[in-house]
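*Asks:* Chain by chain, the residues run as shown.
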Amino acid sequence: MPDEPEKAFIPRHLRPDLTFPDDGSPPGPGGTLPDTPRPELRRRAADLLGAALRDCLGVGDPDAPPLGPEQVCGRSSDVAWTAVDGEAVLLDLASGYYFSLNPVGTAIWELLDGERTLGAIHDAVRGRFRVDRETAWEDLAALVRRLRGEKLVTMR
Amino acid sequence: MTGTGCESPYDVHGHGVRVRTEDAALAFSAREALGGFGPAPDGGEPMLEIELHAVARRTDVPVRPSAAAVLVGHAPQPGGTVGCAMLRDGPLWLLDFDDAGLFALDLDAGRVEGWLVEPGRMAPDWAASFVLLAAIELLRTRGIYAVHGAALEKSGRGVLIAGPSGCGKTTACLALARAGYRVLSDDHPLLRFAAAGPELLPFPGRIAVTERTIGWFPELRQAQDGFRQDTRKRSFDLADVAGYRTGHACRPALLVFPRIMECDRSVLEPLGKARALEELLPQTLLVLDAALAARQFQSMAALVRETPAYRLYFGEDVAALPQRIDRLLEAA
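Chains as they are written, first to last, in this note's numbering: chain A, 1 to 156; chain B, 1 to 332.
Be a bit skeptical, because a hint or two may be false.
Cβ-Cβ distance ranges computed for the label pairs, FRET-style [claimed, not checked]:
{"id": "1", "chain 1": "B", "residue 1": "Glu269", "chain 2": "A", "residue 2": "Glu70", "range": "42 to 48 Å"}
{"id": "2", "chain 1": "A", "residue 1": "Glu115", "chain 2": "B", "residue 2": "Asp99", "range": "50 to 56 Å"}
{"id": "3", "chain 1": "B", "residue 1": "Glu330", "chain 2": "A", "residue 2": "Asp85", "range": "22 to 28 Å"}
{"id": "4", "chain 1": "A", "residue 1": "Thr154", "chain 2": "B", "residue 2": "Glu7", "range": "28 to 34 Å"}
{"id": "5", "chain 1": "A", "residue 1": "Ala120", "chain 2": "B", "residue 2": "Pro270", "range": "35 to 41 Å"}
{"id": "6", "chain 1": "B", "residue 1": "Gly90", "chain 2": "A", "residue 2": "Asp113", "range": "33 to 39 Å"}
{"id": "7", "chain 1": "B", "residue 1": "Ala320", "chain 2": "A", "residue 2": "Asp78", "range": "42 to 48 Å"}
{"id": "8", "chain 1": "B", "residue 1": "His74", "chain 2": "A", "residue 2": "Pro103", "range": "44 to 50 Å"}
{"id": "9", "chain 1": "A", "residue 1": "Asp78", "chain 2": "B", "residue 2": "Pro62", "range": "29 to 35 Å"}
{"id": "10", "chain 1": "A", "residue 1": "Glu110", "chain 2": "B", "residue 2": "Ser155", "range": "36 to 42 Å"}
Don't read these hints as lab results, they were simulated from the structure. Computed from a prediction, not measured in an experiment: that's the story for all the values here. By construction, the Cβ of each residue, glycine as well, lies at the ideal position given by its N, Cα and C atoms.
With the rest of the complex left out, here is chain A (with noise of 0.2 Å):
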């Protein structure tokens, strides 16, 4: 299973009263952190914002499995979907929200069937885009998070 890469958990322009190195070393002069675990400062942050926030900040549902390439992830069948000019366009049948996927997305989107394995569906992509492999991974993975957080998915 690829690793999922180690990121600031905030981007530093969005927190400038903050320095959070990705080297692992303590927070710079400007910082105010205290002497906190960096596991821990990411599930307190991940705590205070809600889950479409965490998302745009690239940062994950604590409490939430991790993602592994023999994992399936097939579509909600609570779920009406429509490919258009190759987006897709999805209805949330049981919020009504919509949400609208971008043409990767949407070959994702389009693969996620119940059947194959997320490692199955990164191959595809991979075959499909020019794109390396921890990429590749990290886009579908941060996809599929976000769909299963927004219950447009299902997991086994």
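Based on the hints, put chain B in the right spot on chain A.
*Replies:* Using the frame of chain A, we list chain B on its own:
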């Protein structure tokens, strides 16, 4: 008519909609909302039924959500600024308008029963919008969908101008009507999907305009005697204005999504089909019953697939719009 109220079956494009009420104000609202349609003939498929009651206080509404009711979301309250809560309660959908009242929808039975608090004190267009909401939800079960928008027709080709309140729909509608386009509706035309394709259907009724819009179209003052002050606008009957005509059912040929801009010259730019669908859905689809919503969603997707869509950045050059729409219609 029975007593002070009415029992009026209206023929809405082949579907009978009957409004029963014993309240004079609600009967007036029903005629305001649906009176442009002719009487429904007897026989045929079962009527869609709307039964409305006036109550003095919200606490007089006899229906209350049961313990099993589930809040599924909020929708804009007709004509108001406060949202209405949507609850699923067994076979019923409850639309709770807070202090204004409550509607209970039995979509399988094709029936709405509603209670409105002192409807006689509501502005006419506001009270009528509740009747309209009930009718729209019932028509959805028959595959007829209202769109928050304006629709016009020229030479049998339809232009649907959709968008939220204040985006310029009515101004665009009147600009086209003045240039000879025939009006199907300025606020909620209907769409029907048959094997032959989508069809835009008229929803006859009064046109509501702001004073600013009247400034653009001074000929509307011909309808001065027919003007009525509603909550935010004045409304009039198109038949009172010379040169303006109403239209008939037609095939939609153009989708336009306006947005008022502070600029002199309007810009029309092609809109991608996914964007068009995103723009259209919030103006037509209220998700209550999942199967009905899924069917409407796919119908709307079919519409945007086969119909060119444009974003209208609507500037001050209102009079130039018809020529531009003419060209797009010719190209469509």
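*Asks:* Against the earlier hints, flag every one the structure doesn't satisfy and list their numbers going up.
*Replies:* 4 and 8
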